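**Q** Chain by chain, the residues:
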Amino acid sequence: MRHTISVLVDNKPGVLARVAGLFSGRGFNIECLSVNETLDPTVSQMTLVTRGDDQLIEQIIKQLNKLIDVIKVVDLENGDYVGREMALIKVSVENTKRSEVLSIVDIFRGKVVDISPSFYTIEVTGDEAKIRAIVELFKPIGIKEIARTGKVALTRESKERKA
Amino acid sequence: MAGDTVKLTGAQIFLECLQREQVKVIFGYPGGSVLDVYNHLYDASIKHILVRHEQAAVHAADGYARVTGEVGVCLVTSGPGATNTVTGIATAHMDSIPVVVFSGQVPTMLIGNDAFQEADIVGITRPCTKHNYLVRDVKELAAVIKEAFYIARSGRPGPVLVDLPKDVLRASDTFHYPEHITMRSYRPTYKGNKRQIVRAMEEMVAARKPVIYAGGGVILSNASKELTTFARKLNIPVTTTLMGLGAFPGSDPLCLGMLGMHGTYRANMAVTHCDLLIAIGARFDDRVTGDLNKFAPSAKVIHMDIDPTSISKNIKVDIPIVGDVREIIKECLTIISEQKIQKDHRKEWLNEIKHWREKHTLAYKKSTNIKPQYVIEKIYELTKGDCIVATEVGQNQMWTAQYFTFDKPRRLLTSGGLGTMGYGFPAAIGAQVAFPDKTVIDIAGDGSIQMNIQELATAVQYQLPVKIVILNNHCLGMVRQWQELFYDKRYSHSRFETHPDFVKLAEAYGAVGLRATKPEEVEKVIKRGLATHKTVIMEFVVESEEGVYPMVPAGASIDKMILL
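Chain order of the listed sequences is A and B. Heads up, the first sequence is in our numbering, so the first residue is 1 and it goes up one at a time. Heads up, the second sequence is in our numbering, so the first residue is 1 and it goes up one at a time.
Just chain B, with the same shape it has in the complex:
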């Protein structure tokens, strides 16, 4: 096929390229301008998952990428097909997830002509992709695809969109896939500066009250093992961001849990009182820092990150180290082995943290109604944590972060940066496609699940046994909570007066529907749901007024927590 004399069409070149990139699955939706590709997909060996909405195609590819560490791939048509991907792309962009989206485009002759199903998707997605391309000539196609995959997965990963005009897909050229690419304008730094690393190590060894603040970058660079060894060797407690959950074992005694707006008391207190903050693959998001002036006020800050723009963006950093965090931690570990570590001088600090832990731990009040936290605790207990968990956005997401212990990376799929409702279910589909034999659970609210509920059809068609847990409080719980706390309990448009019958809805799609309305039914429903080898909805009718606590009001100092 790859001979220099044989001419292939753009559509064939496209599929050849995907094979060279070892793409195993495409999440897509056909339409006029990509019909040539679909014509060749008809008898290609590559797997294609037909979603029911293009947004879900991107979320599924994103979920696939998060659990596998590979690049997720989508294929959609021009115009509305392309614009429907925007939320998915922006979601992947905020969380630095490697996804390549291929969109059809009207023939180059018609571009700019307001042609049928034309949208300037390159213009539209420019600010929410890592990079994007409009392929104007079939001669560029293979090189552009190679570059797109390279950019998506290298450096700080992210989504790349490649727009494919119909005439480019139909034109022919000899196929040549470049072995290597060098881009004069894009050369990510992987190795950290040795002198900075040595300086950082000196601080880390000497600090009396250090805290590691680990983010999603640790997971993206596959540095969890190194981070764990490192933290244990130096006896430094670790707090993680939402995106960093699983980067360090949640059940390790050094783990402080999540920090920030809905973080644990001990994590927020530890950060507020630490003398050295070691940020690793994290970006000082406002949901983490609260009031920047009062965030780690007396600490020196070390920041390891592959993206220089993340460093000193929100907070002044004393020792910046640009590079791949895995490389950097490995370098730190070789330096440690040459040094004697005195663990004793941390004893006081760890005792102080223990005291915070005793003063306040995550808790909720029991009730005659089902408590959403209880459902999540039970899921953790019954799965022993051995599953992939996707969440939607809002209270369901925060309770999952708080009450489910993540001991391993790439087990939590959640839209941390953009906060995309409707993300979890399609992401869970992507994860299940990647790992057909693993238990994959989407923890949803009754609001979020309805934002991509149509994907039940996809899950059923491909016999994906995704477990959907709906914590049904009949309202937009997080909106309701903010209205309760900050808007005089004026519950403006946050209550759903009607809902479909989720059990019947599941059945209508050919899935299984289960429901629990009382606490004593919870365990039974989860057990049945987990034992079901089909797509299943487990609906839990939970207490409407339940809030997520502790909570730091937006913009406040993170040690000023509303506790329960």
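Bound conformation, chain A alone:
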């Protein structure tokens, strides 16, 4: 099963290498990863997506916790969370494709962030399925380039949420 795991770490040089090294050294797999500073500049937040059975996920979480620089590890799969990715997609708009592209952007609540005579660059955010869907729709029209972020995620504030 896929798990999105949020990891708070000390914002120090080499921490990313420690986390990445842990995954490669122990044969765990990272599907995507994003890292950024939190409000507290001494702390960074990593969101990573990995895959494994319960025992493996338990081991991954324990191993992450064992790293000296890791402050907190939360398996977001244990409760509700909001997860988003962003993609920048450069789509070919030659000939008469412009309105078609714009209507897709509209439906997906994306934005055109750059325009040239032959290309639109579109920004879209959403969960992985949404990003995949829009990419599939643009493919026949012609994608020149694509850049995607890893997932970022936060737990939902809800009374039913288990501790």
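If you are wondering where the hints come from, they were derived from the structure by calculation, not from laboratory data. These numbers were taken from a predicted model, which means no experiment stands behind them. Glycine is no exception: its CB is placed at the ideal position from the N, C-alpha and C atoms. One should not assume that every hint holds.
Claimed, not checked - Pairwise CB distance ranges (calculated):
1. B/D114 x A/E128: 38 to 46 Å
2. B/D252 x A/D40: 51 to 59 Å
3. A/V82 x B/I46: 40 to 48 Å
4. B/T182 x A/L137: 30 to 38 Å
5. A/S158 x B/K194: 28 to 36 Å
6. A/G142 x B/K294: 53 to 61 Å
7. B/Y42 x A/R148: 57 to 65 Å
8. B/P553 x A/K72: 42 to 50 Å
9. A/G27 x B/A363: 56 to 64 Å
10. B/V6 x A/K72: 34 to 42 Å
11. A/G25 x B/E358: 41 to 49 Å
12. B/Y177 x A/R148: 45 to 53 Å
Fit chain B to the known structure of chain A by using the hints.
**A** Leaving out everything else, chain B in the frame of chain A:
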């Protein structure tokens, strides 16, 4: 010295810090980037042992740490000095030994520049240290050193490397050594969860066929006394891992000996048939468990360990208890005192074990050649076990584990996890430095001893009377044994066609060399060796084809033993 107004150089701060940590000895080797430290070591009170290879510095610090329970300290230069420590660090890491390695580094300005004697040692050792540091500013130095020692010795201990760029050692700052440190990201759990302990106690009292499986964690947490009291009170038999030898008295009637690949028949049978397995400071290593599916198949499992990652890593645990095993056992003991223990219902189980013991005990066939097992038995007999024993890796290690009885903890130095040939001799040097008056013996093979033989010079220089026993079978015995059993006797590159004359070699280094080639010479040589107050090599030319038995083939169920 410690005044807030006086400025010290990084090198001086470094030495001040070591004094605050009550470091008595450094094992090291100088070089360009640590010359500032060595300049101050020249007239410092701290003892420095000059080894002949940096790998040996780490093994010696590791041996020192294992026998004393204190943190071992090494100091090496940048580049090759640092990379040479890697095997030693990895060895300490696998066996959870508290060691702090200080490596020199090129000046911060030059880092990343492929400078002379530059190596990214922090990158290289990241996966084989508990933690490591590159000190970028002299202002951080004291706090980093404090943290390094704290991390090395607390929680599940382990090696920590601190990389010291030359300009940091030369820069000046006021010296302030932090009294305490709190790390928001590192807080080991020492106290076990009370409810889990109570649950575990219920199981342990009720079980008809329980076995304690004790590992190196018992020794690391100094819990041998508590474990012994506990096992005797509850009348539970104890098997130990290689790392756990000495955690429970080997001569106690409840002791089953070592389990696993070269364990005793009774230990492996007891684990296979037990209804409750109590793992204490052990980690279910593959050399212990063999086929995981058939390991203690009908047992409930209690696992006490300070490292949560060890729990349910290889085997599903029913009652996990995270904490320092000494604290946990002490807690168990207070609960016992409130309970009545019925020892009788274990009688049947102990009888069953007795039956296994009678069915098969450790044995070897006598021969006209010297048997390596005989040499170890004789050493035990002549020292009455009152010595520190280091081993190398391979057959010498397994025979020592089988034929030498360890009644006390911190008496056996062996590379259990990494299996590092060349570990034993430098580790023995470290132990002898810690206890100059104790008998320290390295039991070696003719292969392993040559991996750090240069340390003879160190031992002789510091007049360390380490006794090296070479069981010379002219081959890599364990490799040969596997080739015999599993590779159709194709002895590919496991035989040494030439060897130095070990007696002359010892003499060339200024040590004493002795040799026995016949069984009747064994006792005489050991007696002479033990009576020698100098570094001594005792070479025993032993039977080449001798194997270590019993043996469980790798990956097989541990009750399927090749017996002899």
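**Q** Confirm or reject each hint.
**A** Now the hints, each set against the structure:
1. B/D114 x A/E128: 38 to 46 Å: 41 Å, holds
2. B/D252 x A/D40: 51 to 59 Å: 54 Å, holds
3. A/V82 x B/I46: 40 to 48 Å: 56 Å, violated
4. B/T182 x A/L137: 30 to 38 Å: 53 Å, violated
5. A/S158 x B/K194: 28 to 36 Å: Hint holds: Cβ distance 32 Å, inside 28 to 36 Å.
6. A/G142 x B/K294: 53 to 61 Å: 59 Å, holds
7. B/Y42 x A/R148: 57 to 65 Å: 59 Å, holds
8. B/P553 x A/K72: 42 to 50 Å: 44 Å, holds
9. A/G27 x B/A363: 56 to 64 Å: With a Cβ separation near 41 Å, A/G27 and B/A363 fall outside 56 to 64 Å, so the hint is violated.
10. B/V6 x A/K72: 34 to 42 Å: About 40 Å separates the Cβ atoms of B/V6 and A/K72, which means 34 to 42 Å holds.
11. A/G25 x B/E358: 41 to 49 Å: 46 Å, holds
12. B/Y177 x A/R148: 45 to 53 Å: 49 Å, holds
Consistency with the previously given hints fails for numbers 3, 4, 9, ordered from lowest to highest.
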